[in-house]
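Asks: Sequence:
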Amino acid sequence: MPDAGNVTALFRTATAHSPSYATLDRAAGGGSQVIDFCIPCNPYFPTPEMFDELGARLREILTYYPSSADTIAAELCAVLGLNPQTVAMGNGSTELITWIDHLLVRKSLAVPVPTFGRWTDQPMETGKRVDMYPLPEQAGFQLDPGAFVEFVRRRGSRTAVVCNPNNPDGGLLPRRALLALLDALQDLELVVVDESFLEFADAEAEPSVAQEAVLRPNVIVLRSLGKNFGLHGVRFGYLVANPGLAGKVRAALPKWNLNSFAETVVFLLGRYRSAYDTSLRQVCRDRQEMQWHLSRLPGLTVYPSQGNFLYVRLPEGVDGAVLRDQLLTAHGVLIRECGNKIGSSSPFLRLVVRPQHDVQRLPAGLEQVLYGGELPAAGPHQYAALRPVRYGSGTAAVDRLVHRA
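Numbering of the sequence shown is given in this note's numbering, commencing with residue 35 and proceeding in unit increments.
No lab work stands behind these hints: they were computed from the structure. The beta-carbon is built from N, C-alpha and C at its ideal position, and this holds for glycine as well. A couple of the hints might just be wrong.
Label pairs and their computed distance ranges (CB to CB) [what the hints assert, rightly or not]:
1) 161 to 406: 48 to 54 Å
2) 267 to 349: 33 to 39 Å
3) 290 to 335: 43 to 49 Å
4) 239 to 305: 23 to 29 Å
5) 77 to 406: 24 to 30 Å
6) 188 to 83: 49 to 55 Å
7) 389 to 246: 32 to 38 Å
8) 187 to 240: 27 to 33 Å
9) 128 to 82: 25 to 31 Å
10) 137 to 349: 44 to 50 Å
Below, computed lysine-lysine pairings styled on DSBU-like, alpha-carbon distance capped at 35 Å [unchecked claim]:
11) 282 to 141
12) 162 to 289
13) 141 to 289
14) 162 to 141
All chains, full assembly: derive it from the sequences and hints.
Replies: Shown next as structure tokens:
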């Protein structure tokens with residue numbers, strides 16, 4: 035069993051993002067047998083054959099410079115059927131979020147919460163006003179497009195962001211409803227649709243709005259490759275927009291911002307596209323299986339998800355951070371407790387979809403900790419009502435939801 039004390043201490047000092055796997059592994063002493071339900075990735079891709087090929091070419095990959103981003107993007111576009119003039123590739127979606135903020139977001143940005151932390155933190159770091167629209171728990175955290183448009187009008191936001199599916203809850207806005215939302219916000223300076231987890235959705239055959247984005251003057255669609263391909267460490271993603279917007283971001287990106295691993299994987303993708311599609315279907319099946327297992331636990335609420343993760347509310351009075359620590363210490367299971375996410379709180383977990391043989395340990399551990407007497411009693415202060423607290427001043431001021439002390 036890992037040195038859980040060192041590992042859990044990292045979560046207590048972390049910001050809105052979890053510690054990296056490398057950091058966690060070092061804290062655990064290396065070689066730990068922890069089952070990771072924290073970091074969302076595709077467990078079925080790359081295939082063993084792809085890893086063998088990457089391993090055989092390791093010296094070449096590490097020795098030589100990669101090709102230009104334009105060369106790599108051209109190959110990706112050939113595989114995905116996109117026009118290279120409408121695409122900009124980045125060193126992970128976070129690099130693209132950073133440049134979108136610097137180049138295209140002026141004074142304010144509206145975003146539903148809880149969501150991916152960089153969409154709130156990045157504009158705050160550059161002094162923008164962040165207007166946070168709280169997703170209602172009573173509606174299963176489903177976004178109401180009309181209510182969001184009304185919120186944007188009331189706040190006077192000039193940029194809007196929608197993550198589809200949303201992270202951490204996995205809520206998906208149907209394509210037709212999303213296009214109607216883009217129509218309603220066509221007067222804004224910018225609307226970003228973050229489709230980083232859309233490849234894992236199976237509610238619609240063609241849920242993406244990327245093809246429509248290239249025809250609109252103010253829309254950017256953001257896509258992740260690392261999450262879909264199970265290669266977070268390679269760091270690559272791309273955006274799709276009209277040639278003017280895409281070209282503006284592309285011109286600002288550093289030269290050689292993509293590494294040789296990213297290039298190699300992109301050029302392998304054409305040969306392994308069938309295996310990639312199969313991996314996505316398997317993740318969808320695993321999500322249904324995992325949701326069934328978790329839904330059987332008394333007092334646990336599992337929200338519908340179209341991502342490769344499930345958003346779960348714990349039974350009344352359970353501290354998610356204490357549960358996280360106990361699961362790791364006693365059962366070797368690592369989970370994502372969402373108490374440090376804006377718009378969320380400690381009773382909520384985001385649990386990454388894993389293969390069935392891994393999932394067996396999760397409900398068993400939860401059952402023992404929650405109902406078998408392993409969990410310390412929570413103090414009365416831990417679940418007091420949430421209240422809004424003002425952070426910062428001027429244009430950087432935002433309202434956050436925090437626990438009342």
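Asks: Each hint should be assessed against the structure and marked as holding or not.
Replies: Here's how the hints hold up against the structure:
1. 161 to 406: 48 to 54 Å: 49 Å, holds
2. 267 to 349: 33 to 39 Å: This hint holds: roughly 36 Å between Cβ atoms.
3. 290 to 335: 43 to 49 Å: 47 Å, holds
4. 239 to 305: 23 to 29 Å: 24 Å, holds
5. 77 to 406: 24 to 30 Å: 28 Å, holds
6. 188 to 83: 49 to 55 Å: Once the Cβ atoms are compared, 54 Å apart, the range 49 to 55 Å for residue 83 and residue 188 holds.
7. 389 to 246: 32 to 38 Å: 35 Å, holds
8. 187 to 240: 27 to 33 Å: About 30 Å separates the Cβ atoms of residue 187 and residue 240, which means 27 to 33 Å holds.
9. 128 to 82: 25 to 31 Å: Once the Cβ atoms are compared, 29 Å apart, the range 25 to 31 Å for residue 82 and residue 128 holds.
10. 137 to 349: 44 to 50 Å: 46 Å, holds
11. 282 to 141: 19 Å, holds
12. 162 to 289: Cα-Cα ~27 Å, so holds.
13. 141 to 289: Satisfied, since the Cα-Cα distance of roughly 28 Å is no more than 35 Å.
14. 162 to 141: With a Cα-Cα distance of about 5 Å, the restraint between residue 162 and residue 141 holds, given a limit of 35 Å.
Of the numbered hints given earlier, the model fails none.
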